[in-house]
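Peer 1: In order, the protein sequences belong to chains A and B. The first sequence begins at 1 in my numbering and counts up one residue at a time. The second sequence begins at 1 in my numbering and counts up one residue at a time.
One thing to keep in mind: the hints can contain errors.
[Unchecked claim] A few chain B residues that face chain A, going by a derived Cβ cut-off under 10 Å, partial list only: (1) 1; (2) 43; (3) 45; (4) 76; (5) 86; (6) 260; (7) 286; (8) 333; (9) 337; (10) 341; (11) 519; (12) 523; (13) 544.
[Claimed, not checked] Which stretches of chain A does chain B cover? Using the computed rule of at least three CB atoms under 8 Å from a CB of chain B, they are: (14) 63-70; (15) 164-172; (16) 438-445; (17) 532-538; (18) 601-611.
[What the hints assert, rightly or not] Heads up, simulated PhoX-like pairs for lysine-lysine below, C-alpha to C-alpha not over 25 Å straight-line: (19) B:466 - B:602; (20) A:291 - A:143; (21) A:143 - B:55; (22) A:390 - A:369; (23) A:143 - B:602; (24) B:252 - B:369.
The hints are simulated quantities; they were obtained by calculation from the structure and are not laboratory data. Virtual Cβ for every residue (Gly too), placed ideally from N, Cα, C.
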Amino acid sequence: MADEETRTPRRKRRTPEEASIDPAVREMLACADLMGLGTAFSRADALAPCNIGAVGMCCSLCAMGPCRLTKEGITGVCGATIDTIQARNFIRSVAAGSAAHSDHGRDLAFTLKAVANGEAEGYSIRDVAKLRTVAAEYGIAVKGRTPEEIANDLADLYIAQFGQQRGTVAPVVRAPKKRQNLWNELGVVPRGVDREVVEALHRTHMGDDQDHVHLLHHAVRTALADGWGGSMIATDVSDILFGTPAPVLGEANLGVLKDDMVNVVVHGHEPTLSQMLVAASQDPEIVAYAKAAGAGGVSLSGICCTANEILMRQGIPAAGNFLQQELAILTGAVEAMVVDVQCIMQALVVLAEGFHTKIITTSPKVKLKGATHIEFDEHRALTIAKDILKAAIDNYPNRGETRIPAYKNSLIPGFSHEYINYMLGGSYRASFRPLNDAIMAGRIRGVAAIVGCTNPRIQHDSSHAAITEALLKQDVLVVETGCSAIASAKLGFLLGDAGLDRVGPGLREVCETVGIPPVLHMGSCVDNTRILTVLTQMVAEGGLGDDIDQVPAVGLAPEWMSEKALSIATYCVASGAYVMMGGHNPVEGRGDTVPDSVLVSDYMRGGWEEAYGGKLEFLDDPQEMIRRALAHIDAKREALGLPKYDPTLFGRSGDARLGEIEEETRGASLEERQAALYGQVAAR
Amino acid sequence: MSRYIATRAIRGANALVSEAEAMLEQALGERGPETPVAFPNTAYYLPVIFGMMGKEIGQLGELPGILAHARSLLHPTPSEEHWTPYLGETLDSGMATLIAAEVIEAIRYVYGLQPESMPGFKLAGGTAFTSPDSDGGDGGPDGHLNGAIDDIQLRSWGIQLVDGRMPGFAAIVGCARSNEAAVQIVRQLQQRNILCFLSGNVNGRSIIDQLAEEGVELGYDTYTVPFGRDTISAIYALGFATRSALTFGGLKGGQAREILTYNKDRVFAFVLALGEVDDLKYSAAAGAINFGFPVIADTVIPQILPTGVTTYEHVVSMPWNEIEGADDSEKAKRLVQKCIEVRGVKIRMADVPVPVPYGSAFEGEVVRKADMRAEFGGRGSRCFEHLKMAKLDDVTDGKIEVVGPDLSTVEDQGSMDMGIVVEVAGRKMEQDFEPVLERQIHYFVNGASGIQHIGQRDITWIRISKKAADVGFSLEDFGKILHARFHSDFGAIVDKVQVTIFTDPALVEGRLAEARRAYDFRNRRLADLTDDAVDEFYSCTLCQSFAPNHVCIVSPERLGLCGAYNWLDCKASFSINPTGPNQPIRLGRKLDAVSGYWEGTKDYARIGSHGVVEEVAMYSIMQNPMTACGCFECIVMVIPEANGVMVVSREDTSMTPAGMTFSTLAGMAGGGIQTPGVMGVGKYYLISPKFISADGGFKRVVWMSSVLKEAMARELEVVAERAGDAELIERIADERSVTSVDELLPWLEAHAHPALAMDPIF
């Protein structure tokens, strides 16, 4: 890599406007330029991606190589063909992604166990109803038992899923019956989470599995261990311990940082510590400590999925998505950035050296050279959380000049599948019927899940924005998670107000009826499992086929960058979804010069579609993604025998008429206005 | 919801729950927690609360917990901007409103404030009477509105609701644009046989006031029930809906979701909001939407067109001023048509070309002497009706002839002889269908507004009101009605219908003699028609739309429990609609002549009940008795201490020796559940030789509601004779003498009841 960089001619630096569509980001990038500081944006400009690695045509699995297969007919030293090498590279990424999500789930399961046994300081079981529902689904007795007893059994069951050697990982039972049968038939039901990841690594060791179809088959199994295993466990336990999300008002973008408060930014993916920081930040002792230091208090905000976890539960503001982590430090207003796991750039430490910001690592798994390490332990969570906040407060007097951009947007996150169920019918009639009805009638043309990261190789947030905006106008309901959701939040799509003027006429009626934003923020990236659950429940409600692959829906990750995204994409495909990702396929070579280098990517389209009804494609152009998304949705509608999408049929309901009457009768007497609304009231 | 509606509904709900809390606190202070609370004549406590929460409320002291639940369902109103979703929250607030409204009405009953007083008002009478001039007192106390509907009425409407004669109900809330509009709207609904529940007001003026001023008869019999003149009394409509699910759907209190979806899927009801919609109306409407009932308003309100909680649109605005139509009548027609579309109500209606409004809702109208133009039958003249089958060539379809003097010759309030002779022809017509069709004349004629028909055969008694005569109703119109209705309802077996109306006294005399010969022939034919003489019984699954697992097996000697379908009716129904609810059951081998088991009935019971019931005995209450939907006329129940059974009529509200009233018993007998020792039956089954013949027959009857003894006196005499004990009926106790088991035994001994000497019933 290093010599790659030196050999590549220095590329053109993008302007802040070219780098991002977010005005806060542009402002901070301009600051960085002035200060002569580098960020992921400038490093991406400086460092062209390796053109062989970028298409998966290099094998570095053993010391006979690394082998670069750039010509037709050549193989690696061992004879490995290009398709084998690409499939192995792909499955290794999937395994890493699956491992990351699942390890997150494992830690939460251990926390649940500790809480059940009264060994976790400061935690309690917030959502007993969900605990009982989930436990009952797995056949754990709930009647007449305390939440702790149930939680203990559930935690044991969950912990067992990781090391389980035979059988089926438990959450798979939640998938539609037909889908489970298909997986059983194809032999891709994960046995245990760790086993599939280990097997993936084993199979890709030198001299093992060397058949790309067979390798991709196990990629599916490894990914399913994430989506219908580790991730699903993570989501469930988070809800049980910290509360199942419901809509709440929040804010997003760097403007949420406060000039007169101690700003602590949490960054990473796990809710365990951040939830405790939320509690500790409101503790009178900490508030007093902050005041003594001359601040108004402690203001918490988040980056990435840790942000999403506390945003959707407590309305704690999100300072930004993945690419804004460095920019938060550039504001000079952050006393501490507390990080846990995943998506944390090592660059933070070097950057923070130029400011007063402390980078505090907390996970036993993650240390950054030069950062302060305060190791988190759920048994002493509250104490550690206070220690971290005190360290941040102690740093407040060191703050210098601040440059907080004035940009922030309100948003309404918190659309767990439980709440979606509730919001469509209330406590007594909760169901997905109104959603299915709306799709069947054509008010909602289809559903798009737009998820994933941001990536400095693509103009920041731009693909998310372009696709979301276009699909909404086409009456496609959008659900989002992770950094994609924060991108939409910054654009104002996560507000009910957006459902009135930024959508097609049918979707507007639905948004106005339910009071929802046209884009539903469903959580962090492990919470993509919530989308699977929603799709499953839509199928169960009836009218949209009997399996996920028949639902008029697509999945998109237009600005992805992490290996977790590949695992998510793979489990979504295996669940029946059409998934489109931005950029180039990391394992699709140059078909014109090396014909076999497209075998793997072809199989991800054709082979997987034949087997699972879902497929994986990579596309550079957001407009093409939009076209294909709509074409796919319309094709699924047609296959279901649903009426052709016709926006002219809808849009006649809502409050607008009352607004018009208000306008027409402005200045009229009360009687005249009443007459306009109610007509002549009968006289005695 | 729209945000506008959500805001107003949630605000209304918060206000009403607070009001209920204040009222309850006051009532608890003044009357004490042990004060009983109940709606009249219902076994379902406070029905919405019982249905939704499973709570059997009997005392004031139990209500605070109920209101605490209602409060827990409340939410803040949506923000002006950056709102959080509000649909689920609004529906919950609607439910809170219903609970609070029911609590308020229960407290008002405690204080005697329900039914609401309305001086000078009189409810249209009860269901059973023999003369239009009798004021049987069934109509409730003068000067009061109706208040809550009792279980008796619910059950008596049951069969009509399930067989589609009554397609659904309209909860009308508010006040129409004018009295004329009010009348027209109600008339339009009545013509479609849609029940109208009336409540609410606008600025103190209610549609009830409007209709009362226009002389529209309001009450059970005219399908227009005035609940009360405030919005809160609209809760009775939802109590009625809840009980429909409990009574006919076999659901239990507390199965809230099932009860609500039952209503969404099976009860075709809607809310019609007339005039200004205030916060409380919005919140009550949100409650109704939980039941799947849409709301249609005649004012400008935000529309909610996406579907899901309701089958079609949730809220529809159809401002009266904007409805096309030359007059109120046309506008009303369009408005009602819209309501029907939005709810997806299935209407079966014949277009009857007569100058008066026409529909089943007018069946119960009474024509009092003072309002009468002329009458036929009764004390002053003779009247009969006779339907006979004829050859196709001998009948001219649509020919209607009046032979003799016309209505104009009758002096005001006078009477005249009349004979209605209907000749029908059709390739699938059978002589056995003659009485089935003839019996329809009563319903068909009664459907005309301003015409009253009582009796059948040669005791027919018809009155024409002055109002009807004034708008041009003539004798020929009887023929038009019959021609139209026989074609629309029995088109599958009737190809041609010709009606002759005789008023010439001499001709009436001759035709009457001929008719009597036919009646006599039929009587003998019916007597010959026994279970052993046929090789097919009929199933009746009409009620499965309401009671999904119940099936009636109808034999010549055991009619359907609703009393509306006997074996011949079922046979005719099968001919009319071969894939309909009445299917022949081939009996096959007889397995047990005493209890009444055949191979055919055994197989059918299992299939028809979807496996819920394994076997059905045709003649026993003790082993595998037939199940019931909920529309039975009587309940038969074993009284073990007396070694016999009691028979309770659904019109009897008094206490029975079983320690329960009809309403409570009905909960055990309905819903398609097989309970040995309890059975719902049609009252004519009581006089059948096959009446619980496996268990000892009619001699087992130790107690019987007096209303049955009186109404069936003649038939019961025959039964007594058949039993060889002319005094048998006098040996049976009733509620006038006995209301407990302790009283029953000495009474039976004193009257030497035969059951005491029979083999043990167990």
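Peer 1: Indicate, hint by hint, whether the structure satisfies it.
Peer 2: A quick look at each hint next to the structure:
A cut of 10 Å between beta carbons decides the hint on residue 1 (chain B): the least distance to chain A is about 6 Å, and the hint holds. At its closest, the beta carbon of residue 43 (chain B) sits 23 Å from a beta carbon of chain A; the interface hint therefore is violated under the 10 Å criterion. For residue 45 (chain B), the shortest C-beta to C-beta distance to chain A is roughly 19 Å, which exceeds 10 Å, and the interface hint is violated. The interface hint given for residue 76 (chain B) is broken, as the beta carbon of that residue sits about 12 Å from the closest beta carbon of chain A, more than 10 Å.
Satisfaction of the interface hint for residue 86 (chain B) is found here, the shortest Cβ-Cβ separation to chain A being roughly 4 Å, below the 10 Å cut-off. Because the closest C-beta pair between residue 260 (chain B) and chain A is about 6 Å apart, less than 10 Å, the hint holds. Taking 10 Å as the C-beta cut-off, the interface hint given for residue 286 (chain B) holds, the closest approach to chain A being about 9 Å. Interface hint status for residue 333 (chain B): violated, as the beta-carbon distance to the closest one in chain A is roughly 18 Å, over 10 Å.
Hint status for residue 337 (chain B): violated, given a least beta-carbon distance of 18 Å to chain A, over 10 Å. Taking 10 Å as the C-beta cut-off, the interface hint given for residue 341 (chain B) is violated, the closest approach to chain A being about 15 Å. The interface hint given for residue 519 (chain B) is violated, since its Cβ lies 52 Å from the closest Cβ of chain A, which is over the 10 Å cut-off. Taking 10 Å as the C-beta cut-off, the interface hint given for residue 523 (chain B) is violated, the closest approach to chain A being about 54 Å.
With its C-beta approaching chain A no nearer than about 21 Å, residue 544 (chain B) sits outside the 10 Å limit, and its interface hint is violated. Note: the stretch 63-70 of chain A has 0 residues with beta-carbon separation from chain B under 8 Å; the three-residue rule is not met and the coverage is violated. For the stretch 164-172 of chain A, the proposed coverage by chain B is not satisfied: 0 residues have a C-beta within less than 8 Å of a C-beta in that chain, short of the threshold of three. Interface restraint, the stretch 438-445 of chain A with chain B: holds (3 residues with C-beta to C-beta distance below 8 Å; minimum three).
For the stretch 532-538 of chain A, the assignment as covered by chain B is violated, since 0 residues bring a beta-carbon within under 8 Å of that chain's beta-carbons and 3 are needed. A stretch counts as covered by a chain when three or more of its residues have a beta carbon under 8 Å from one of that chain; for the stretch 601-611 of chain A and chain B the count is 0, and the coverage is violated. A C-alpha spacing of about 56 Å is found between residue 466 (chain B) and residue 602 (chain B), which places the hinted pair above 25 Å, so the restraint is violated. Taking the CA atoms of residue 291 (chain A) and residue 143 (chain A), the gap is near 48 Å; set against the 25 Å cutoff, the hint is violated.
For the given pair, residue 143 (chain A) sits about 21 Å from residue 55 (chain B) by alpha-carbon distance, which is consistent with the 25 Å threshold. Of the supplied pair hints, the one linking residue 390 (chain A) and residue 369 (chain A) holds, its CA atoms being roughly 22 Å apart against a limit of 25 Å. This hinted pair does not check out: residue 143 (chain A) and residue 602 (chain B) have alpha carbons roughly 40 Å apart, beyond 25 Å. Distance check on the hinted pair: residue 252 (chain B) and residue 369 (chain B) sit about 47 Å apart at the alpha-carbon level, beyond 25 Å; violated.
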